[in-house]
Amino acid sequence: MTSQADIDALIERARDSSPRTQPFYCDEDVFARDMQKLVSRKWLLVDHVSRIPEAGQYFLYEVGQESIIVIRDDDLKINALFNVCRHRGSLVCLEPEGKRLRLTCPYHAWTYGLDGSLQAARLMPEDFNQLEHGLHRCHIRVHHGFIFLNLSPGDEPEFDQEFAVFEPHLDFHGFAEAKIAHRASYPTDANWKLVVENFFECYHCVPAHPEYCSRHLRDALVAVGAGPNSGPAEAIERFAPVLEEWQEQAAKLGRPLGTVDDDEYSLHMKAYQQRPHRSDIKSETQDGQPVACLMGHRTECDYGRMYLSFSPFNHIIACNDFAALIVFTPRSAMRTDVEIIWLVDGRADTVDVDRMIWMWDVTTRQDKVIIENNQRGILSSRYQPGCLSDQERRVDTFNKWYLNQLTN
Amino acid sequence: MTSQADIDALIERARDSSPRTQPFYCDEDVFARDMQKLVSRKWLLVDHVSRIPEAGQYFLYEVGQESIIVIRDDDLKINALFNVCRHRGSLVCLEPEGKRLRLTCPYHAWTYGLDGSLQAARLMPEDFNQLEHGLHRCHIRVHHGFIFLNLSPGDEPEFDQEFAVFEPHLDFHGFAEAKIAHRASYPTDANWKLVVENFFECYHCVPAHPEYCSRHLRDALVAVGAGPNSGPAEAIERFAPVLEEWQEQAAKLGRPLGTVDDDEYSLHMKAYQQRPHRSDIKSETQDGQPVACLMGHRTECDYGRMYLSFSPFNHIIACNDFAALIVFTPRSAMRTDVEIIWLVDGRADTVDVDRMIWMWDVTTRQDKVIIENNQRGILSSRYQPGCLSDQERRVDTFNKWYLNQLTN
Amino acid sequence: MTSQADIDALIERARDSSPRTQPFYCDEDVFARDMQKLVSRKWLLVDHVSRIPEAGQYFLYEVGQESIIVIRDDDLKINALFNVCRHRGSLVCLEPEGKRLRLTCPYHAWTYGLDGSLQAARLMPEDFNQLEHGLHRCHIRVHHGFIFLNLSPGDEPEFDQEFAVFEPHLDFHGFAEAKIAHRASYPTDANWKLVVENFFECYHCVPAHPEYCSRHLRDALVAVGAGPNSGPAEAIERFAPVLEEWQEQAAKLGRPLGTVDDDEYSLHMKAYQQRPHRSDIKSETQDGQPVACLMGHRTECDYGRMYLSFSPFNHIIACNDFAALIVFTPRSAMRTDVEIIWLVDGRADTVDVDRMIWMWDVTTRQDKVIIENNQRGILSSRYQPGCLSDQERRVDTFNKWYLNQLTN
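Chains as they are written, first to last, in my numbering: chain G, 1 to 408; chain F, 1001 to 1408; chain U, 2001 to 2408.
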């Protein structure tokens, strides 16, 4: 039980130096503050609706020490309910996913509807009001097929305006009708901010990710390998003509254009960027060939890919034929769940899963090792936040955004 | 090192709300307070004398971070000694049980008698007083065959008056001459209070324990399934005629009658209750038939069972032919040892162990799962102590008793 | 995050009682203080130069949460570098030992020379000064073949004068040209001070180490079994004539004489002592026969052995033909790495490893068990620091030295 005043003082000091000092990556009390002030207040993309197509189907989403039931009710509406019985606090659902007619607590059989309302509780006192004892609801929005949760205890935080900018892009890719082709977990023994920082720069791509680099123009990786404005200004300038030429072609094939690059004062630090692969690469596969039919409103391959961040926790990388949804979930000070969900068009008959997952699977395995070694080095007394390269500009933005969140 | 003042403040707040809030089930500093103010001050039943019939035989009893040697000396008296050498602090006995002529520390061979007195220590300074360096003694009482310890550092707390009320019942069952037929461990990853609360209500019996329920009258389970006054008043009233009729028959067969139901201000929150099984059930076995000869002073089966709590940590459930001694031992904030020791009459020739353990073994396995899921749910930020049913009245009494102990 | 003031108060109280109370052996915050005030300020012997004979060869030395690269550069000079990239803090070397042309961080490929200087960092801002971003250096001294590190953050602490007293002895044994014949690890789940206290007394030898005792005169073990003045005054007196007679013979064969016995106010609590084995024992092997050629400047076996402590963390026990280098490395409050490195003369052709390691291997395995049981006993509320025997005088000196270090 570290005093909140001690944490406040630590954050205050970070404003003058950096939030990349040791305790921000290692301390459980700082993690509790991260959960309270940041993770619990953001819209978190947790999965795609196609995971639970039928009434009664559910999965559990676990973040920090929270467990949330995401379940489709009889009207096919999806609800998010804290997995904590209102009676004595038992978990209500024990399996990570399944199908239920109703939610019956395994302890004393308090029974809830699929909307979380309490429907039966035996032998309660006369003044017990069943209506007041539904499962605690978690804010939920389904948007273009993606399920977003927000764990804020109060009113539902604004959603539509915040994410409106993505509308044409999500629509073009047809995510609302997409389906899950594969999923894989890469639990990583490191603080969530190390996972995010790794994702927000491509400075490590050349040394660490040969497979990933083989799919892309070298200039593109340096300029925008980790999203808009992630690289040096001159690299961006050098890449601009290539990008513009490709954009022109892509626009002709129907792709909506645009870029999003939220700053350190934004709510979700969203990002959006589109660019071409290597010119002979149709999809991010080893042979460059697609693994499934084109996604969404496409009629022809445009050799491009999009990068979209709903927040530092959720990212979509979409080729023409499949998309990788990347989900980072903080669990404790030195543990983060990393999950990748591969999506294909809802009309796709056949999907070559092995070829589809090749690049992100090998890359994420590499990142797991890298990030865990980063965490271990930070435990040293000699660790100090180092100077960032010109290819890590988004890491700096993220650090500032993080501190702003803690002090909001 | 949380300040004691912080714990004091937490307990003070619990007086206005509930001691069923998250920290009371999860926090190691609260657990340390539980050990100091409560567990270390109670008479804890740790085993039956028949475990160590011969001189020199011992077993270790471990509670919290304490290890205590319970050993029979050459006069067959049983001593309880802290398993910590007075020299440099090594454990003296390493094996969980065994037989010793004397207690020699494996480190420097300081040698203690079976009463803990220091008998040999080589090369000590001249002013070293051997008499002052015996193993620290733990208060011990042997009562009707049961071994009770009390870890209080001061004078021996009163015993005889506190437990006198059980005399005729313990005598009738012949526990002093009973013998151990089997034992099993069910270590449970949960706070000890969750284990006790589970035991102090039968509200969960119908949903969770079909085997247990199959042995009993439904009315009995609702009214007194977890001891005297554990159920709703009207259920108790409804069950009263059945109970009275059975008591009349049982008394004729020699069973002493009576009920104990200590309140929240008591020292040990003792309880005692007798009632019939289902009318065709002689013993709590799957076929309802006994597994051994009748226990104690019985001459004929009376189809009944007794429930006796020496404290929230120790319970006996006795049929006519065997008794299950249930021992809950706190180990850390989220770990509790659960052990069951099955006893039969000392004259029993043959015992059908599989049939004897069936009901409590399956029921305790079920409870382990239930309680661990209760613990996990309580870790959520949304957990809050819920309203109790009319069948959980003893849980409420226990919660109040617990708080009273902490503030005594 | 326990306040430093709380730790200060604990140390202050220990001055009036003992630093052998429970928190000094169990508490992670006390361990952090041990690291800061003591371990990080001492010269620690970490290995022998023969482990890394060639340019580019390195090994990692891990102490507390620190990882240090000990590497031989192209001029064959050995450098010690904190294994923490100056960029984002990743570990630079991941394998426990190996050979490198340069040190390239696996994360972003910042590349350092074998002296730690930063040689390449892509895409850094214009004002980035490469010269200021070498790996943090750890103080290092190579002395008679032994590699010493000192983790002090400031100027290099004095070395030459502190260890000058050992010169003739280290020279006589030829350690500078010795080579490693074998190494073994005995990680021990106990506080480092329990490991040191175990090594600083031979009071436990008779009960715990039959193999060790079989090699030595009983009188020698009692008098000086754990170094100079480790036993009772009268035992030392009784052993004196035997010792003197042997010294006279040994001196004739060239062995330099002398004793070192640093007191509680010293910097490193060094110690040095020579004495004979049992008179029929040439080497500390099971059959008493040597396992290799004589070490150093010897021409003939003198049936003796030397005991040398550079500090409580590092000890050499040398027979005529081999030496055991014993290295204790604190890792956390209840974890200590124990490593033994066996050395033989650099000219030794053949070494009988099994016979060489027999005594220290079996003895160290025994000590691991003993020390871990000591740690477990200390967790009890009834543990209190006991009275020491006349054969544990160096334990008392160590306890006082330890407290002096914490308050310096």
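It should be emphasised that the hints constitute simulated quantities derived from the structure, not laboratory data. Model, not experiment: these values are computed from the prediction. We treat Cβ as the ideally placed atom computed from N, Cα and C, and that holds for glycine. Hints may be right or wrong, so weigh each one.
What the hints assert, rightly or not - Which chain G residues stay away from chain U? Per the calculated CB distances, all over 10 Å, these:
no. : residue
1   : Arg15
2   : Gln36
3   : Glu126
4   : Val222
5   : Pro232
6   : Glu237
7   : Ile281
8   : Gln289
9   : Tyr303
10  : Val327
11  : Arg335
12  : Pro385
13  : Gly386
14  : Asp390
15  : Leu406
Said to hold, decoys possible - Coverage of chain F stretches by chain U, computed from C-beta distances (three or more under 8 Å per stretch; other residues unrestricted):
no. : segment
16  : 1065-1075
17  : 1338-1351
What the hints assert, rightly or not - Calculated lysine to aspartate or glutamate pairs in the DMTMM-like style (CA-CA distance at most 20 Å, straight line):
no. : chain 1 : residue 1 : chain 2 : residue 2
18  : G       : Lys282    : G       : Glu339
19  : U       : Lys2037   : U       : Asp2073
20  : G       : Lys37     : G       : Glu158
21  : F       : Lys1037   : F       : Glu1237
22  : F       : Lys1368   : G       : Glu95
23  : G       : Lys368    : U       : Asp2006
24  : U       : Lys2368   : F       : Glu1162
25  : F       : Lys1077   : F       : Glu1097
We went through each hint and held it up to the structure:
{"no.": "1", "hint": "Arg15", "verdict": "holds, 19 Å"}
{"no.": "2", "hint": "Gln36", "verdict": "holds, 17 Å"}
{"no.": "3", "hint": "Glu126", "verdict": "holds, 47 Å"}
{"no.": "4", "hint": "Val222", "verdict": "violated, 8 Å"}
{"no.": "5", "hint": "Pro232", "verdict": "violated, 6 Å"}
{"no.": "6", "hint": "Glu237", "verdict": "holds, 14 Å"}
{"no.": "7", "hint": "Ile281", "verdict": "holds, 24 Å"}
{"no.": "8", "hint": "Gln289", "verdict": "holds, 31 Å"}
{"no.": "9", "hint": "Tyr303", "verdict": "holds, 27 Å"}
{"no.": "10", "hint": "Val327", "verdict": "holds, 23 Å"}
{"no.": "11", "hint": "Arg335", "verdict": "holds, 17 Å"}
{"no.": "12", "hint": "Pro385", "verdict": "violated, 8 Å"}
{"no.": "13", "hint": "Gly386", "verdict": "violated, 4 Å"}
{"no.": "14", "hint": "Asp390", "verdict": "violated, 5 Å"}
{"no.": "15", "hint": "Leu406", "verdict": "holds, 17 Å"}
{"no.": "16", "hint": "1065-1075", "verdict": "holds (count 3)"}
{"no.": "17", "hint": "1338-1351", "verdict": "violated (count 0)"}
{"no.": "18", "hint": "Lys282/G - Glu339/G", "verdict": "violated, 25 Å"}
{"no.": "19", "hint": "Lys2037/U - Asp2073/U", "verdict": "violated, 31 Å"}
{"no.": "20", "hint": "Lys37/G - Glu158/G", "verdict": "holds, 17 Å"}
{"no.": "21", "hint": "Lys1037/F - Glu1237/F", "verdict": "violated, 38 Å"}
{"no.": "22", "hint": "Lys1368/F - Glu95/G", "verdict": "holds, 17 Å"}
{"no.": "23", "hint": "Lys368/G - Asp2006/U", "verdict": "violated, 38 Å"}
{"no.": "24", "hint": "Lys2368/U - Glu1162/F", "verdict": "violated, 46 Å"}
{"no.": "25", "hint": "Lys1077/F - Glu1097/F", "verdict": "holds, 17 Å"}
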